[in-house]
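Chemist: Chain A is fixed; fit chain B onto it per the hints.
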Amino acid sequence: SGVISLLRPLLLDSVPTVQHTAALALGRLANYNDDLAEAVVKEDILPQLMYSLSEQNRFYKKAAAFVLRAVGKHSPQLAQAIVQCGALEMLVICLEDFDPGVKEAASWALGYIARHNSELSQAVVDSGAVPLLVLCIQEPEIALKRIAASTLSDISKHSPELAQTVVDAGAIAHLAQMILNPDAKLKRQVLSALSQIAKHSVDLAELVVEAEIFPVVLTCLKDSDEYVKKNGATLIREIAKHSPELSQLIVNSGGVAAVIDCIGSCRGTVRLPSIMVLGYVAAHSENLSMAVIISKGIPPLCACLIEEDEDHIKAAAAWALGQIGRHTPEHARAVAVTNVLPTLLAMYMDTHSSEDLQIKATLKSILQKCMYLPALEPLLHDAPLNIMKHIIGQFSKVLPHDSQARRLFVTTGGLKKVQEIKAEPGSVLQEYINIINSCYPEEIVR
Amino acid sequence: MAALARLQERLTELWEEYYCRNRSIDEERTIEYKAAVKIQSCFRGYRVRAYLRYLNKMAITIQKWWRGYQGRRYFRNMVETAYFIMKMNFYNEMAVRIQKWWRGYYVRKYVHNYYALKKYLEAVSLNNEIVRNQLQEYAEMMENEEKRKDLERKEKEKKYQARKMHYLLSTEQIPGIYNSPLRKSPDPMELLLRESKPLGHRLQQKKSPFSYDLYDWPTCRRPPTFSTLQPLPPIGKQKPQVTFFIFQQRHKPLEPTLRVATSIDSLEKAREEMKWEEWKNRIHDNEFLPFSSYNKNKKYDPSIIRSSKYGQEAYGTKHFREVQPKKWVVSK
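Going line by line, the protein sequences match chains A and B. Throughout the first sequence, residue numbering follows the numbering used here, covering 117 to 562 in sequence. Throughout the second sequence, residue numbering follows the numbering used here, covering 34 to 365 in sequence.
The hints are simulated quantities; they were obtained by calculation from the structure and are not laboratory data. Just so it is clear, the structure is predicted and the values come from calculations on it, not from any experiment. Some clues are possibly wrong.
[Stated by the list, open to error] In silico DSSO-like links for lysine-lysine, alpha-carbon gap of 30 Å or less:
(1) B:K151 <-> A:K485
(2) B:K230 <-> B:K191
(3) A:K412 <-> B:K152
(4) B:K133 <-> A:K357
(5) B:K133 <-> A:K513
(6) A:K480 <-> A:K357
(7) B:K197 <-> B:K182
[Claimed, not checked] Just a sample of chain B residues kept apart from chain A, beta carbon distances all over 12 Å, derived:
(8) R86
(9) Y139
(10) Y193
(11) Y200
(12) A294
(13) F324
All C-beta atoms in this analysis are idealised placements derived from N, C-alpha and C, irrespective of residue type, glycine included.
Isolated chain A (complex conformation) (with noise of 0.2 Å):
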């Protein structure tokens, strides 16, 4: 009803009171719904509150900068709109100004705008914002450090360059000095700042790790806060996954007991990062598997397996106990042990699961790696063709050398099994049956 034509020209009315109001209005009118924010572009509002910028009280601003932030929100093509009309030299300006609300206002404009795509990160970055974010953060309100924290976590999220941009600017040193504050949001944001920065190359994560964070950052997996361990998981997962070397450093230190407590103590989402970390870190080589396993790994992936109901948790547990089986069978067997394996081909068999749990792939893995025949038995049951071929393949491995192996596998009926396996004369399926066969005298096999 003609509500924002109206309230345009009373941005230019005298008293500033009125001005301030009107901005307000504005502002929570676009923070509503995203068509309203579209007309506030539309009518030719933003260049208006630009030119009226800069001899304002700090009150307008900090309503013209919650302006911004409720357009700029919704979509990248209205962000866009904002920085064409020139909005970020004028949000600059406002980092620059001595109120501390003012700044918190326009950093979160800043930090919404650059949330939505590299470009608009990387003209946030041109107009300078990077060394007042920095300054901000080193203020010491806590709601100005966590919007700050915030916005240059959405700026570094997007790509290597702007993620060096940030650091350029020192920004490490003071997010790291922030892990030991007590304030929970902070922590949060923290976290993710550094995450992001770490995610993009080895370099950026030596970066990160050699600011010292590393026996803080488990404190951190302790918080009562979820999502603070979610957050500290997620740091840890982006710098374990580069290089072996900085997953050792993150053994070395301890992180892997941690994150096994972590997993322990969480439910749902939140252990999502951390069964991730274990993936990771066993993933590199099998002296750091080997690490894992003793620091107890397992039984935590295994009861996650079990318990949760999402589907990518559940992908994401089967791929990381895949990870720590398929180096030698030494670890396959500490996988095998703690009989994982039938309820992962059971998971396999069920046909509501979805496809990309990848519970295939850690079957193959680990089966072509297992000796230890008293976990293969159970499966040699259930098993279709394509997993079979495996199992029987590594019975052919071991039974030909050992005689005790071949007496169990009489006697707890593997043999009748693997006689009534019908396999087509030629395939590989086949071979493994003849080579289990010829172990045995012939009465037998009849």
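Modeler: For chain B alone, coordinates are given in the frame of chain A:
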């Protein structure tokens, strides 16, 4: 005279004899001539054949010596290469042995050091225990902090309530709410009330004129109207008149110029053709190389029998049997 008469008597016999002798000689002349020719031709034939046989034998000898020489040279090369290969195989085997020992040692000591790995894993589990304990302590500390803060807050609440309800304190005459006469000792609230100071006048809380608790504008739900650009009017198109002349023009067959018709690589093709012509007419392909003696640098391979460490032996070229003229008994 008598002799003459006698000679004249004998003359006719002489003439007859002379005539008979000449006649027989003449008659036998061709036979003898033919015989002589036959003998000579036979002999010449023998001579030439002997000469040819001799030439053949010489040629065979030369070829025999040459082929033997070539063969021995080739054999010498073969022996050298075989020897070289044998030596290299031996060196390779020995090198493999050394590398095998070194690599096993290096891997066992540095890369896959079993004992170091074992120690490392034990250290990791110890470290994990320590870290777990520390984190447990930290968590307990945080919990205690929180509990303490909670308790403090509750205490503060209670004290504030007590200060507010100070009027509920019991007097000498009238027992207060918390001090019922049936109780043995006063309620803890009563004790609190006794201890607390009454609250003063409430401080005026200054309301900031610019707080954000203003009444909301009614949110307008009207869809925003904005001027839509009208589509541009269509450009007037003129239809071309298709006459027969234009139709002809369009369907005229292509007559390319010479420049267009020659393929783009006609120059290269012509060069190729010239090259093939010349190759056809050439006898052999060996190029004429100037400074040919510069290129004739084949080393002389001496025969194995004659070569020794200090150059070639003189046997075979300078002498065949050992000859010591100083020891001869008879000189010359």
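Chemist: Evaluate each hint against the coordinates.
Modeler: Hints, verified against the model:
Distance restraint check for K151 of chain B and K485 of chain A: the Cα-Cα separation of roughly 21 Å lies within the 30 Å cut-off, and the hinted pair is therefore satisfied. Simply put, K230 of chain B and K191 of chain B have alpha-carbon atoms about 13 Å apart, close enough for the 30 Å limit, and the pair holds. As the CA atoms of K412 of chain A and K152 of chain B are separated by approximately 17 Å, the hinted pair is consistent with the 30 Å bound. For the hint pairing K133 of chain B with K357 of chain A, the CA-to-CA distance comes to about 35 Å; that exceeds 30 Å, so the pair is violated.
A C-alpha spacing of about 29 Å is found between K133 of chain B and K513 of chain A, which places the hinted pair at or below 30 Å, so the restraint holds. Using a Cα cut-off of 30 Å, the hinted pair K480 of chain A and K357 of chain A holds, with the two alpha carbons roughly 23 Å apart. With a C-alpha separation of about 22 Å, the suggested pair K197 of chain B and K182 of chain B falls inside the 30 Å cut-off, and the hint holds. Annotated as non-interface, R86 of chain B keeps its C-beta farther than 12 Å from every C-beta of chain A; the closest such distance is 76 Å.
Chain A leaves Y139 of chain B outside its interface by the beta-carbon criterion, the shortest separation being 17 Å against a cut-off of 12 Å. Distance to chain A confirms Y193 of chain B as a non-interface residue, since its nearest Cβ pair spans about 25 Å, more than 12 Å. With a minimum CB-CB distance of about 40 Å to chain A, Y200 of chain B clears the 12 Å threshold, and the non-interface call stands. For A294 of chain B, the shortest C-beta to C-beta distance to chain A comes to about 54 Å, beyond the 12 Å cut-off, and the non-interface label holds.
Listed as outside the interface, F324 of chain B is consistent with that label: its C-beta sits roughly 61 Å from the nearest C-beta of chain A, beyond the 12 Å cut-off.
The earlier numbered hint that this structure contradicts is number 4, and it is the only one.
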